[in-house]
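Asks: Here are the chains, one letter per residue:
There are 2 protein chains.
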Amino acid sequence: MNNAAKFQAKPVSLKQVKINEGFWWNYVKLIKDVVIPYQWDVLNDRVPGVEPSHAIRNFRIAAGEIQGEFAGMVFQDSDVYKWLEAVSYSLVVYPDPELEKTADEVIDLIARAQQNDGYLDTYFIIKEPDKKWTNLRDCHELYCAGHLIEAAVAYYEATGKRKLLDVACRLADHIDSVFGPEPSKKKGYPGHEEIELALVKLYRVTGEERYLKLSKYFIDERGKKPLYFEIEAQARGNKNFYSMWDELGPSYFQVHLPVREQTSAEGHAVRAVYLCSGMADVAVESGDESLIQACKKLWDNITTKRMYITGGIGSMSIGEAFTFDYDLPNDTAYAETCAAVGLVFFAHRMLQIDPDRRYADIMERALYNSVISGMSLDGKKFFYVNPLEVWPEACEKNKVKAHVKYTRQPWFGCACCPPNVARLLTSLGKYIYSTGENELYIHLYVDSEVQAKITEKEVKVKQQTQYPWDGKIAIDICAEREAEFTLLLRIPGWCKDAKVRVNGEEIEIGAMNKGYVSIKRRWGKDRVELLLSMPVLKMRANPNVREDEGRVAVQRGPVVYCLEEVDNGSNLNNIVLPKGSKFEVEYEKDLLNGVCVIKAEAEREDYGPWGEELYEADVNVTYKPVSIKFIPYFAWANRAPGEMMVWVREK
Amino acid sequence: MNNAAKFQAKPVSLKQVKINEGFWWNYVKLIKDVVIPYQWDVLNDRVPGVEPSHAIRNFRIAAGEIQGEFAGMVFQDSDVYKWLEAVSYSLVVYPDPELEKTADEVIDLIARAQQNDGYLDTYFIIKEPDKKWTNLRDCHELYCAGHLIEAAVAYYEATGKRKLLDVACRLADHIDSVFGPEPSKKKGYPGHEEIELALVKLYRVTGEERYLKLSKYFIDERGKKPLYFEIEAQARGNKNFYSMWDELGPSYFQVHLPVREQTSAEGHAVRAVYLCSGMADVAVESGDESLIQACKKLWDNITTKRMYITGGIGSMSIGEAFTFDYDLPNDTAYAETCAAVGLVFFAHRMLQIDPDRRYADIMERALYNSVISGMSLDGKKFFYVNPLEVWPEACEKNKVKAHVKYTRQPWFGCACCPPNVARLLTSLGKYIYSTGENELYIHLYVDSEVQAKITEKEVKVKQQTQYPWDGKIAIDICAEREAEFTLLLRIPGWCKDAKVRVNGEEIEIGAMNKGYVSIKRRWGKDRVELLLSMPVLKMRANPNVREDEGRVAVQRGPVVYCLEEVDNGSNLNNIVLPKGSKFEVEYEKDLLNGVCVIKAEAEREDYGPWGEELYEADVNVTYKPVSIKFIPYFAWANRAPGEMMVWVREK
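Chains as they are written, first to last, in my numbering: chain A, 17 to 667; chain B, 17 to 667.
Hints are computed from structural coordinates only; laboratory data are not their basis. Be aware that one or more of the hints could be misleading.
Put simply, identical chains are the same to the list, so a pair is met inside one copy or across any two.
As the list claims (entries may be wrong) - Below are the DMTMM-like pairs computed for lysine to aspartate or glutamate, each with C-alpha atoms no more than 20 Å apart in a straight line:
1) K147 / D192
2) K34 / D49
3) K478 / E498
4) K598 / D154
5) K415 / E263
6) K396 / D146
7) K446 / E409
8) K615 / D634
Use the sequences and the hints to build the structure in full.
Replies: Next up, the structure:
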């Protein structure tokens, strides 16, 4: 297999990157200092006021060390695995022997819970040992296995310790003995995709082709008729664990068609983007062009028809799901934090296949907006749902919006989102750079440095920037020995005016390489300066998005803004932004950990004195000037609870 | 008791009124010709493609005449009773011996199903005979009894036949033996209000005070602590029939407070307005000022804070319920047809207590808009839900809007709305006029005539009008002998310019009597002409209604208008109505059974050529002139399926 053609760029490993003080450093540190310890307490059922997770306890019971019943979601194990994965990345960034010791102990426990044949899922071990692999559709065994594998690979890469990797391999081998094309094996695939991308990671770290083959099998089998989920359901007497099959049918599970025939992203948004990520991985490793084309189709559908401006996906609460093209209601949005995380995974994979800024732009959009909006600035509270318009009383009293919260919650019974944010942000270093044979790509502008081998020579590249608040990026290149390679700098789609200087001298940008400025030269000790013009943009949605017609969203750089009641008073829908309105950008260092706010002169619609009537004819409408203040969307709901709005009426 | 002070006006009986050819005559005829026969077939399970009602069959089983199981909703009996009530009114308007014979046979069957002690509810007789009166909260026994009583009173008044009235009295007597303040009796009240207003009807027709007392008891007991529903639930081991108690709590049932302490309309909208109607009836008959005050508070809350411009109430699908003040989402609206019918009941009662146009205005608003929008123009299909904005694809694919249909449905498993519309429209004659001691009120302008005794003299009044398409009403008065009385003509709140002529001579309107022009004189053979100026009105909602800000609704006379895709193309939210736009009214006799349409010059927002992107910065917005056409809201969804919108963006 010749993968080079498919895999044009390679992400650098986490160990090669150091994130320095700045926007993202704060987040990585927060995960280490607050989220990881907090989640550890949650997993051990010792946070007062938070519903016990029972996750560690489940492993103890499964290992036969204590007596008890399984408790929590059927996929509760995955919380432990995702925590371990975040811990692994964090250990790379911040070595911490005590945390590593704790992780080792958890790994020992996991190993003890694993059964002799390699099987590992505490729900079935404890509660229904005779029902293993009988309800792939609802019961998340393969999903949990995927998260175990991801954690194992991460921990191995972080520490060099093989114990969890061995557990993962034994489980993967067991799964391989159960599923596959051979007549004796089950023809199944997971209800919640995840194991596909995990198996490719396991293949990459072990070199064991069987894992890649198994991943490809799951992907190829998905959606084939007759549907395995129907065969399986019949075999168990049509007993359901969850009701989503009955409610939303095969598309909820992305099995309405074989994956290569799917042209729109359907069903549960997290599953859909996890599947896409796995498809991209398998495509790259197997050189399967038809899979890449399928990925591209799904990518295009998501990002040009089914994504909020925040990078949020999944516009329907029922099923946490995609609906249809251009259906993006702001106040009943779902836009799960996990789905935004999954979109980053998908984008990152597509970006290696085809280093085009369209992938990096969306990756950045999701990161700066709907991923980090999922966590409070102190790292202690979380949004599962990321709406674009909130009227608190409606969230409380109109049950159609019951899923929308207007304050972040301490933790969730279904705790998928917080550890997902944690594992993504602690591994952020992997998303900034890629290398080609003779190329170094900079996808994201983050105060950071990378050490990479390019054209067989060690090169160190250091970025210094106040991004996303400022568009100036200083890039110092330091090659061990002079090296000729191409430095590719992404010019984000939102930037219409970029300047590049090399050692103080402005260079012609010329035709870009899929949105990347490419500078090919012999590099030694050089400084590149990138200047991204970062005006405030009034964004409009495609006119097919009925909800946003007559409205604009304010964006600066990659950051989408919103109005909050605490700054602007109540009834935000009463505010209109005149077409010619000017914006002022101001960095407020003491606000929300330091953010650029955007101020504008707007108007409030005034109906004059209004009596008792609910409806009136011939109302004289006037407009009163009002100063308004936008804050970054990700930082909303960190002060007084109140209304919030992204899409503001324009006049 | 001196009721005169409370009961300032009295509705005339249906027998005194004749509706002549015109707007409403079409509906009354449609009910007789189409709806009543169709529903009879449904009740007998013989409409292909419609889920069997099983309602008549349930009575046969309960009467011991056939074997079988109960089927249908727990309140299935009420469909038969509501049909009988509609038949009763129809027999007054259109005598029909064959229909009367069918009704007599159904009544015989009902009588045979009644048990010796007077008990009658086929669900419990057939299915849970030992569980009678153990779950008032969920199981609708008293609700069904109420509908039986209403049907019995109507049939007695229509035909003079007592059989069903005797059944109703026996059931009411039985209920009176089970519920009441005496220590041996249960302290309950219905989960779904209805029997309160029915018992007052029974009291009025029989003169039996016990029925009034029992009604008052149900109303007074409601919401007292400890809650009967909790006591009752505990006694049956907390078994639920429906889950609404757990989902929405006491306010769903209007038991969160004693009724006199309730200041806002809460919970299931139909229940709330049925309760209010019963409260008003009891208040009038018992001279209870505190109950009248409670009614007024709830009326004000509904009509000034929780009602759509169409007269629709209940803005939330979950629980078919009220939410909170000014929460009136257009696209997820519930606005059940039955709730609009109930609002007419409530309005009509308040109007007799206090003949103020505020009550008649709302009664008219509901009648012309959200009541008749519930039925297709051919009388064969029905809306349960009456949204103010529809995007068909969203109704199909975004489950948050799954309750919203964009084509009327042939019938419903829970078939409350169609027979409710039928019984209201066939009895419309009762809503047009009231009489006082020396007064004749005209509340509604309907081509009709009334024969009434005023000041001991027979007076005949005949209206001729093309209302609601035209504001000219000719009223001919013909007194048997000259009689001095006051004719009170309602000047609707929407009318800012009215003229009145008596025998060709314009009279000074002067100070109105709560929105009624009063003309006191000796009447013999006289002609009054009323000229209501009926311009097209641009309506605005109270600015606290977040959903409608920046939008206007078009209304002419009592009729609210909407845009439909079939006339205006898709993407209706892209249309903006300039502030100074002019309207043209045109009567189209071949359109939708003949309606006035409203045409206007508007604009479509144009973003120019739009590429593949979902979001774009600095879009140049222009406006292209476009002619648009509004049709009456009630007539939407009678042609090609498509988008619909009431609140249109204003520029």
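Asks: Does each hint hold? Answer for all of them.
Replies: Hints versus structure:
Taking CA atoms no more than 20 Å apart as the test, K147 paired with D192 passes inside one copy only; the shortest distance there is 18 Å, against 56 Å between copies. Taking identical chains as interchangeable, the C-alpha atoms of K34 and D49 lie at most 20 Å apart only when both belong to the same chain, with a minimum of 17 Å there against 81 Å between chains. Within a single copy, K478 and E498 get their C-alpha atoms as close as 16 Å, which meets the 20 Å cut-off; across copies the closest is 104 Å, which misses it. In this assembly of identical chains, the alpha carbons of K598 and D154 never lie at most 20 Å apart, being 52 Å within a copy and 58 Å across copies at closest.
In the homo-oligomer, the alpha carbons of K415 and E263 lie at most 20 Å apart both inside one protomer (19 Å) and across protomers (10 Å), since each shortest distance falls under that limit. For the homomeric pair K396 and D146, neither the shortest alpha-carbon distance inside one copy (39 Å) nor that between copies (54 Å) is at most 20 Å. In this assembly of identical chains, K446 and E409 lie within 20 Å of each other by CA distance neither inside one copy nor across copies; the values are 41 Å within and 40 Å between. Proximity of K615 and D634 under a CA criterion of 20 Å is satisfied inter-copy only: 18 Å between copies versus 33 Å inside one chain copy.
When each numbered hint is compared with the structure, violations occur for hints 4, 6 and 7.
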